[in-house]
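Asks: If you want the building blocks of each chain, they are given just below.
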Amino acid sequence: MNKLIAWVDRRFPLTPFIKHELTDYPTPRNLSYWWGFGFLAGFVLVIQIVTGIFLAMHYKPDSNLAFDSVQHIMREVNYGWLIRYLHSTGASAFFAVIYTHMARTLYYGSYRRPRELLWWTGQGLLLLMMATAFMGYLLPWGQMSYWGATVITNLFKATPVYGEQIVTWLRGGFAVDDPTLTRFFSLHYLFPFLIFAAVVIHLVALHTVRSSNPSGINLADKDNIPFHPYFTIKDLFGLGIFMIVYLLIVFFKPDLFIDAANNIPANPMQTPADIVPEWYFLPFYAILRSVPDLAGGVVAMAISVLIFAAMPYLDRSRVTGGARYRPIYRAMFYIFVIDIFVLGYVGAHPPAGTLKMVGEVCTAIYFLTFLLLPFVSRWEERFVLARGLPPAVEAMARKEIAEAEGNV
Amino acid sequence: MSNNKLFGLIFCLMFSAGVAHADEAQLRRGAHVAVEVCNTCHSLKYVKYSDFLKLGFSKAEVDAMRGTKGMADPLISQMAPADELAMFSTVPPDLSLMAKARDGGANYIYAMITGFYTDAKGQTANHVFPGIKMPDVFMIAQADAAGRQSIEQKARDVSAFLEWASDPQADERRALGRYVIGYFVLLTVLLYFLKKKIWKRLD
Chain A
2 MNKLIAWVDR RFPLTPFIKH ELTDYPTPRN LSYWWGFGFL AGFVLVIQIV TGIFLAMHYK
62 PDSNLAFDSV QHIMREVNYG WLIRYLHSTG ASAFFAVIYT HMARTLYYGS YRRPRELLWW
122 TGQGLLLLMM ATAFMGYLLP WGQMSYWGAT VITNLFKATP VYGEQIVTWL RGGFAVDDPT
182 LTRFFSLHYL FPFLIFAAVV IHLVALHTVR SSNPSGINLA DKDNIPFHPY FTIKDLFGLG
242 IFMIVYLLIV FFKPDLFIDA ANNIPANPMQ TPADIVPEWY FLPFYAILRS VPDLAGGVVA
302 MAISVLIFAA MPYLDRSRVT GGARYRPIYR AMFYIFVIDI FVLGYVGAHP PAGTLKMVGE
362 VCTAIYFLTF LLLPFVSRWE ERFVLARGLP PAVEAMARKE IAEAEGNV
Chain B
3 MSNNKLFGLI FCLMFSAGVA HADEAQLRRG AHVAVEVCNT CHSLKYVKYS DFLKLGFSKA
63 EVDAMRGTKG MADPLISQMA PADELAMFST VPPDLSLMAK ARDGGANYIY AMITGFYTDA
123 KGQTANHVFP GIKMPDVFMI AQADAAGRQS IEQKARDVSA FLEWASDPQA DERRALGRYV
183 IGYFVLLTVL LYFLKKKIWK RLD
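Order-wise, the sequence lines are chains A and B. FYI, this note's numbering numbers position 100 of the first sequence as 101, with every residue one higher than the one before it. FYI, this note's numbering numbers position 86 of the second sequence as 88, with every residue one higher than the one before it.
These aren't lab readings, by the way, just hints derived from the structure by calculation. Since we're looking at a predicted model, the values are computed, not measured. Hints may be right or wrong, so weigh each one.
Simulated pairs of lysine-lysine, DSBU-like, Cα-Cα distance not exceeding 35 Å [claimed, not checked]: (1) Lys61(B) to Lys102(B); (2) Lys4(A) to Lys50(B); (3) Lys61(B) to Lys47(B); (4) Lys71(B) to Lys56(B); (5) Lys123(B) to Lys56(B); (6) Lys71(B) to Lys47(B); (7) Lys20(A) to Lys199(B); (8) Lys20(A) to Lys202(B); (9) Lys61(B) to Lys71(B); (10) Lys61(A) to Lys47(B); (11) Lys199(B) to Lys47(B); (12) Lys20(A) to Lys102(B); (13) Lys199(B) to Lys61(A); (14) Lys4(A) to Lys20(A); (15) Lys47(B) to Lys223(A); (16) Lys102(B) to Lys158(A); (17) Lys71(B) to Lys223(A); (18) Lys50(B) to Lys102(B); (19) Lys50(B) to Lys123(B); (20) Lys56(B) to Lys61(A); (21) Lys71(B) to Lys123(B); (22) Lys156(B) to Lys123(B); (23) Lys61(B) to Lys61(A); (24) Lys71(B) to Lys156(B); (25) Lys156(B) to Lys50(B); (26) Lys357(A) to Lys102(B); (27) Lys123(B) to Lys61(A); (28) Lys135(B) to Lys61(A); (29) Lys20(A) to Lys223(A); (30) Lys135(B) to Lys56(B); (31) Lys135(B) to Lys123(B); (32) Lys71(B) to Lys50(B); (33) Lys123(B) to Lys4(A); (34) Lys20(A) to Lys357(A); (35) Lys400(A) to Lys223(A); (36) Lys223(A) to Lys357(A); (37) Lys123(B) to Lys61(B); (38) Lys71(B) to Lys61(A); (39) Lys223(A) to Lys198(B).
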């Protein structure tokens, strides 16, 4: 065995790679379980790719056969129901994990210098994931699949001048139909591999800048411990908890995230009473509907997703440790999280009366949070420095401020 | 996600070991109603006659139910869609997935079947589905108390059957799920102690 490894090492840096990235990779010892969600996301990606490959062996991307082929998988393929429920629940699990991962980044300010590129590659991953999930949702060819795809592709009508052409080009016809299904299937199979490649880039960036940590200070060497075995075991324990929750849904409540209307085959002649996207799109959908004008709504929705990329510049505070030492930022974080949940509720219901107004107010709060942040964060920085901080945190903040002023 | 589903999730998280088994005798009674009544107009195209064997029917009983149809044939409606369109001005929907295709599932189906009444104009109407084109097949709107009771029983049976038809692997899934969850709980407990042990080295 040792001879074999030595043979490989002469030709490929296997042992140095494992040493550098795993057994010697220095990791802050104070990372909490909130830092385990990136690993979970990677794990769910693998679940989705593996189950997806097996589903594709039995699925038929043809508008006349797609719905039946899903039932064929559910009823006739050995453990087909398990593979499909792992995949359909996995989509929701993926977003739940990624949103938690993003919330941790926002709370602890992990997007801050020097981790901007790490954050932006994550932002790219989110967009790829959203596109993949959206296209995957068409494949069962149920009523909600069909009308969801119709509504979302229709949004591209907002493009100036070429709106109609772009919508027709995306659908491969004047309405969502067989050509739409076949291209969505093809791309739904391609995108996960793009995601996989983007994850590698995300990890290269992570291993360059290393993990942030909840204390907000750069830890001394003695406070770093090797990733393996300490964080492999910590992540595996977290994975166990995740798997229990995920599999409880798969085995006991698998229809939790499947809309009833999606058990009716797609019917272009009959619009469902209420077209509702999947839960993970609801807050953005609520923002779209809160702006009265189509183009305005689409722009607002796009910005609501993309604006996270601007966080390293919107947050101008030099106090590290994220929300921990920043009471106002902390309050804003919690208000923002509550705001997103309320938007999600609004997005799931027809916009009428009070609910419509709640949606508009929450949309305003959503964007105001980002718009006010540059001013609030500077003011808060002066406030907390005057009030007093733990010495190590204050020293880091003062050093960063001095550096910034020296540069000017 | 409806509140129903959310409560269901909380329920299953709390009592995942105690999920009720479908009552096979009830499913067999419901299968008879489905074949003899519903299947006249509605197809159940994802259910095959051979599937009835899984409900504890004997082969002879299934043979009697299928008549001239083959064992591997799906339950296609006995009326041609064109005739149905002429008669009801709609093609009755396939029932294989009906229990999944409506919020409320089997409860919805039960409420719809028993929801027929005679309105002020003397016409048959439905509490759950206003403007329904399906006739009151069990004639519950005219039934007396005893008749009502027997119709309600049939409606319960056929609703249970349609729930089974929409998800025939449910029992297998829950049975397997108990072992899978048990395995992961055990594994996670072990991982927790292993984690404690490994992290002790840092003290």
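Asks: Hint by hint, note whether the structure agrees.
Replies: Going down the list of hints, with the structure as the test:
A hinted pair counts as satisfied when its Cα atoms are at most 35 Å apart, and lysine 61(B) with lysine 102(B) qualifies at roughly 29 Å. For the suggested pair lysine 4(A) and lysine 50(B), the alpha carbons sit about 60 Å apart, so the restraint of at most 35 Å is broken. The suggested pairing of lysine 61(B) with lysine 47(B) holds, with an alpha-carbon distance near 20 Å, which does not exceed 35 Å. Pair hint lysine 71(B) plus lysine 56(B) holds up; C-alpha atoms about 18 Å apart against a cutoff of 35 Å.
The suggested pairing of lysine 123(B) with lysine 56(B) is violated, with an alpha-carbon distance near 46 Å, which exceeds 35 Å. Of the pairs offered as hints, the one joining lysine 71(B) and lysine 47(B) holds, with about 13 Å between alpha carbons and a cut-off of 35 Å not exceeded. Taking the CA atoms of lysine 20(A) and lysine 199(B), the gap is near 22 Å; set against the 35 Å cutoff, the hint holds. With a C-alpha separation of about 22 Å, the suggested pair lysine 20(A) and lysine 202(B) falls inside the 35 Å cut-off, and the hint holds.
This hinted pair checks out: lysine 61(B) and lysine 71(B) have alpha carbons roughly 14 Å apart, not beyond 35 Å. Distance check on the hinted pair: lysine 61(A) and lysine 47(B) sit about 18 Å apart at the alpha-carbon level, within 35 Å; holds. Restraint check for lysine 199(B) and lysine 47(B): the C-alpha separation of about 56 Å exceeds 35 Å, so the hint is violated. Restraint check for lysine 20(A) and lysine 102(B): the C-alpha separation of about 52 Å exceeds 35 Å, so the hint is violated.
A distance of roughly 50 Å separates the Cα atoms of lysine 199(B) and lysine 61(A); the hinted pair therefore is violated under the 35 Å criterion. At roughly 18 Å between alpha-carbon atoms, lysine 4(A) and lysine 20(A) fall within 35 Å of each other, so this suggested pair holds. Restraint check for lysine 47(B) and lysine 223(A): the C-alpha separation of about 67 Å exceeds 35 Å, so the hint is violated. Distance restraint check for lysine 102(B) and lysine 158(A): the Cα-Cα separation of roughly 34 Å lies within the 35 Å cut-off, and the hinted pair is therefore satisfied.
For the proposed pair lysine 71(B) and lysine 223(A), the alpha carbon gap of about 77 Å is over 35 Å, so the pair is violated. Simply put, lysine 50(B) and lysine 102(B) have alpha-carbon atoms about 18 Å apart, close enough for the 35 Å limit, and the pair holds. For the hint linking lysine 50(B) to lysine 123(B), the alpha-carbon distance of about 42 Å lies beyond 35 Å, and the restraint is violated. Proximity of lysine 56(B) to lysine 61(A) is assessed by CA-CA distance (about 27 Å); at most 35 Å being required, the pair is judged to hold.
The hinted pair formed by lysine 71(B) and lysine 123(B) fails the criterion: a straight-line CA distance of about 43 Å is larger than 35 Å. At roughly 28 Å between alpha-carbon atoms, lysine 156(B) and lysine 123(B) fall within 35 Å of each other, so this suggested pair holds. Restraint check for lysine 61(B) and lysine 61(A): the C-alpha separation of about 33 Å stays at or below 35 Å, so the hint holds. A C-alpha spacing of about 25 Å is found between lysine 71(B) and lysine 156(B), which places the hinted pair at or below 35 Å, so the restraint holds.
Simply put, lysine 156(B) and lysine 50(B) have alpha-carbon atoms about 22 Å apart, close enough for the 35 Å limit, and the pair holds. Restraint check: the Cα-Cα separation between lysine 357(A) and lysine 102(B) comes to about 30 Å, which is no more than 35 Å; the hinted pair holds. Taking the CA atoms of lysine 123(B) and lysine 61(A), the gap is near 50 Å; set against the 35 Å cutoff, the hint is violated. Straight-line distance between C-alpha atoms of lysine 135(B) and lysine 61(A) comes to about 33 Å, which keeps the hinted pair within the 35 Å bound.
Taken as a hint, the lysine 20(A) and lysine 223(A) pair is honoured in the structure, with Cα atoms around 18 Å apart against an allowance of 35 Å. In summary, the hint linking lysine 135(B) to lysine 56(B) is supported, as the alpha carbons are separated by about 33 Å, within the 35 Å threshold. A hinted pair counts as satisfied when its Cα atoms are at most 35 Å apart, and lysine 135(B) with lysine 123(B) qualifies at roughly 17 Å. With a C-alpha separation of about 10 Å, the suggested pair lysine 71(B) and lysine 50(B) falls inside the 35 Å cut-off, and the hint holds.
A distance of roughly 93 Å separates the Cα atoms of lysine 123(B) and lysine 4(A); the hinted pair therefore is violated under the 35 Å criterion. For the hint pairing lysine 20(A) with lysine 357(A), the CA-to-CA distance comes to about 56 Å; that exceeds 35 Å, so the pair is violated. For the proposed pair lysine 400(A) and lysine 223(A), the alpha carbon gap of about 22 Å is at most 35 Å, so the pair holds. Of the supplied pair hints, the one linking lysine 223(A) and lysine 357(A) is violated, its CA atoms being roughly 54 Å apart against a limit of 35 Å.
Restraint check: the Cα-Cα separation between lysine 123(B) and lysine 61(B) comes to about 48 Å, which exceeds 35 Å; the hinted pair is violated. The hinted pair formed by lysine 71(B) and lysine 61(A) meets the criterion: a straight-line CA distance of about 27 Å does not exceed 35 Å. Note on lysine 223(A) and lysine 198(B): the hinted pairing holds, with a Cα-Cα distance of about 20 Å set against a maximum of 35 Å.
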